[in-house]
Amino acid sequence: MEDVKKEPSKGYIPSEIEDKWYNFWLKNNLFSSECDSERPSFSIVIPPPNVTGTLHMGHALNATLQDMLCRWKRMKGYKVLWVPGTDHAGIATQNVVEKMLANEGLTRHTLGRDEFIKRVWEWKNSYGGQIIHQLKKIGASCDWTKERFTLDEGLSNAVREVFVSLFDEGLIYRALRLINWCPRCYTALSDLETEHEELEGRLTYIKYPLEDGSGHIVVATTRPETMLGDTAVAVNPLDVRYQQLAGKKLKLPLTNRIIPIVTDTEVDQSFGTGAVKVTPSHDFNDEAIAKRQKPNLPFITVIGLDGSMTADAGRRYAGLDRYECRKLVVSDLKEKGFIQKEEKHVHSIASCYRCKTIIEPLPTAQWYVSVSEMAKDAIAAVKDGNIRIIPDGWKNNYYSWMENIRDWCISRQIWWGHRIPVWYCPKCTDNQGFSNSESIFVVLSKKLRGLNEGTYRQLTEAGVKHADIIQNVRTLTVGISVKPFSGSSDPTSCPQCGCVDIIRDPDVLDTWFSSALWPFSTMGWPDKTKDLSEYYPTSVLVTAFDILFFWVARMIMMGLKFMKDRPFNDVYIHALIRDESGQKMSKSKGNVIDPLIMIDEYGADSFRFSLAAFAAQGRDIRFSSERVEGYKHFINKLWNASRFITLNIEKYGFNKGLTIEEIEKELLTADRALMRIPDRWILSRLSVAATDVNKGLDEYRFNDAANAAYQFVWYELCDWYIELSKTSFEKSKSDCEAALKCLLYVLDSSVRLLHPFMPFVTEEIWNSYPHSGKTIMLTSYPDMLTQDPEAQERMDFVINAITGIRSIRGEFNISPSKRISALIRTFSDAALINLLEHKDYISALTKCGENLEIGENVQKPKGSVTSVKTEMEIYVPLSGLFDIDAETKRLDAELKKVDMAIHGLNIKLSNEDFIERAPKDVVDKEKLKYSEHLSKRERIVENISKLKEIK
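Heads up: the sequence shown begins at 40 in my numbering, then just goes up one per residue.
Since the hints were made in silico from the structure, they are not lab data.
In this text, a Cβ means the ideal position worked out from N, Cα and C, and glycines have one as well.
Warning: the hint list may mix true and false statements.
Beta-carbon label-pair distances, calculated as ranges [what the hints assert, rightly or not]:
(1) SER620 <-> GLU239: 21 to 27 Å
(2) PHE524 <-> TYR225: 22 to 28 Å
(3) ALA655 <-> GLU892: 26 to 32 Å
(4) TYR244 <-> SER411: 37 to 43 Å
(5) LYS66 <-> PRO530: 43 to 49 Å
(6) GLU239 <-> SER309: 16 to 22 Å
(7) LYS66 <-> ASP345: 51 to 57 Å
Once the Cα atoms are required to be at most 20 Å apart in a straight line, the calculated DMTMM-like pairs of lysine to aspartate or glutamate come out as [claimed, not checked]:
(8) LYS176 <-> ASP639
(9) LYS813 <-> ASP182
(10) LYS975 <-> ASP938
Please put together the full structure from these sequences, using the hints given.
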């Protein structure tokens, strides 16, 4: 062809094409969405990665699957919007900047709030968003002109609108409850912001004397220091050991405070002694027990916000670090004879996901959203089928969590984030009659132990603003009722009394609050934009299972509340990527795989295809670099096939200048009856592959789609059709031209089929032959092609004959280059007719030449081996092809090796200790190995038997 743009280089080199084509796509604005088009719409919002983040395997999988869907839909004729963006990641980002300030000898308090926020923005503009650039490395085709940030002006307006609306409805309120508290970050944390780890601790059994001196009850605890805040001991009412003690009083050791023995059905009779200490201020289960009692049990806080003991812990322990206090408490209990015993105990410890400090459950005043009514609508949306959760098994998890949902804590005691739009008037404070903010501080400082006037002076001298100190005290104090007010714009005075000395709440909103609005806030809400009308609700959300509740459920609630419609039609929950042995990846285990290293070493296309090929629904991915390398071989196979085709187009003078579109039209309108069977067969197999790939993508079965494309390209196109076509090149000019046209069309269809999986190499190959249009991205996706069952059935005879002869070659180690003889006995007219018609293909692909006999009356020659296929038997004479004695000797030696391996595996798998103690994946691997060795042994024995028959 004269118009071939460029011959592909001899080897596939990813680094030479990836940046080139990504920059081409960006320069030509090919990722941009459009409105006002009659084409159907498809939209995705990216789960916004933290602005502090770098690309990890989870991000890579998530973005690859989204990109596959977007590229597929573009080629299917949809107008596509894929919204990119990042999350401001309040705690994480603040920690990063605070560490940077520490290197300068500064703290956020010495800078003050405004200056600190300015420094965070400077960091964000300089270093934040690195992950966005990394997403581009894997080929993400987001509309980068619409990149959003959860703290940008538009999203901030949406956050304000939602907060004020919920506040005015009374759905946002402030309450004192137990919350995960980080003593290092000095803020409340959600469950998602904590990490749990199994650690070995100690279970301490403590004697609690009965008040009447008649005995004692023993409780077991992993946290002896919290006993100083006990307000009861609880037992299960069904526990016969304690039924006679329920309602009696106890003397709390070390304090002599009198506490009751209460009953609660949630007490686990099997833990410890079956009697549990109740410390409502420091344990979530204990808080629930305390609130179920009538009257409620009192809350005594003995550990402070900084992790040290409060005055309520007693003079001896006040001010001590909680773990130092633990040692002293245990020592004192031992000295006074209150400890029955101690034993090792493995239990789960929660720590801050950022600074790794062990969290402390503490009662603090926080802002909450009442979600019970919104949750009902969100449950109904899934149950009614308006929102699909895929795989289906996750629906039950969703229902369980939503049906037992608790109100959402939305406040965080940090400075980076959306500041809560609530103000307080010192003159309108309920029941206090304060005349100014200073008097509020005086009262509050007395209520919050540890913050006295001296501490206040130290803070002010360090540059902390007066109002910030007041409000930090306020948020951590109870007992003072301050009447808040909010609004869509910042007030300058109290709306009730006109006082201008109003104070803003210092807390910021939980990061998840702004991201819960992501599907519609990113499209311009609360304004009525074209993007909202064209692309909301979004088509699908691709996400990980661990944020199904913390993010997905909240987006559903907020979408239904404020848009009156679901935020997405489908939720696809992808698998977790583990290492090749099935272990979860973690830095501590040293088994983390860096996707950028994979891309540098093997190319983005190989990496992407690996992720897709193993993304089976409901099954975690066991990932290894060997698998990526394997798919690089696949791309090399495709590359070499394209090079073979384009070189032969030039070699045989097929240079009419036809575009691929013209060839496609010619082939698809041709009379199939006049076409060669191999050409009809490959077109039919292409149709089957296209149907399977489309079905897989449509059903989010990415592995099925990838494997269907892989099987077609590797085996049917490269291993079969290209080899079959070679026989046509030396025939007539018309045969050669027909074969080359079909080859080019099938290659073109294959790269279009593969484009969503591997965009770079397919764009490069597509641009190596003439076509209309400027990018493969905007070509049509193969689908709804004509299938040809007759051609497939007829070619099956040819393929069976060839594979039968080849299998004999392989089994007996006959060199592929050595000429052999073969005889095929047919058992049907169809087999006979088709094999005779395509005898030249069989001869060429099996290296039989003229030594191929086909017929109904063919007899098996002496010294032959047989391969049985459908409606035929194949005989290959082995005499003279190799030394039968030497081959028998080789197989005997191989049999001994296999027998030794089987014996060793048999011993291992018969060992009960190994079966019970070894990891399941290790046991399964050994069982698979045992099964494979048995199969191999069977084949060797069969071949030895055949050789003995020949001899």
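Outcome of the hint check:
| no. | hint | result |
| --- | --- | --- |
| 1 | SER620 <-> GLU239: 21 to 27 Å | holds (24 Å) |
| 2 | PHE524 <-> TYR225: 22 to 28 Å | holds (26 Å) |
| 3 | ALA655 <-> GLU892: 26 to 32 Å | violated (46 Å) |
| 4 | TYR244 <-> SER411: 37 to 43 Å | holds (41 Å) |
| 5 | LYS66 <-> PRO530: 43 to 49 Å | holds (48 Å) |
| 6 | GLU239 <-> SER309: 16 to 22 Å | holds (20 Å) |
| 7 | LYS66 <-> ASP345: 51 to 57 Å | holds (54 Å) |
| 8 | LYS176 <-> ASP639 | holds (10 Å) |
| 9 | LYS813 <-> ASP182 | holds (19 Å) |
| 10 | LYS975 <-> ASP938 | holds (10 Å) |
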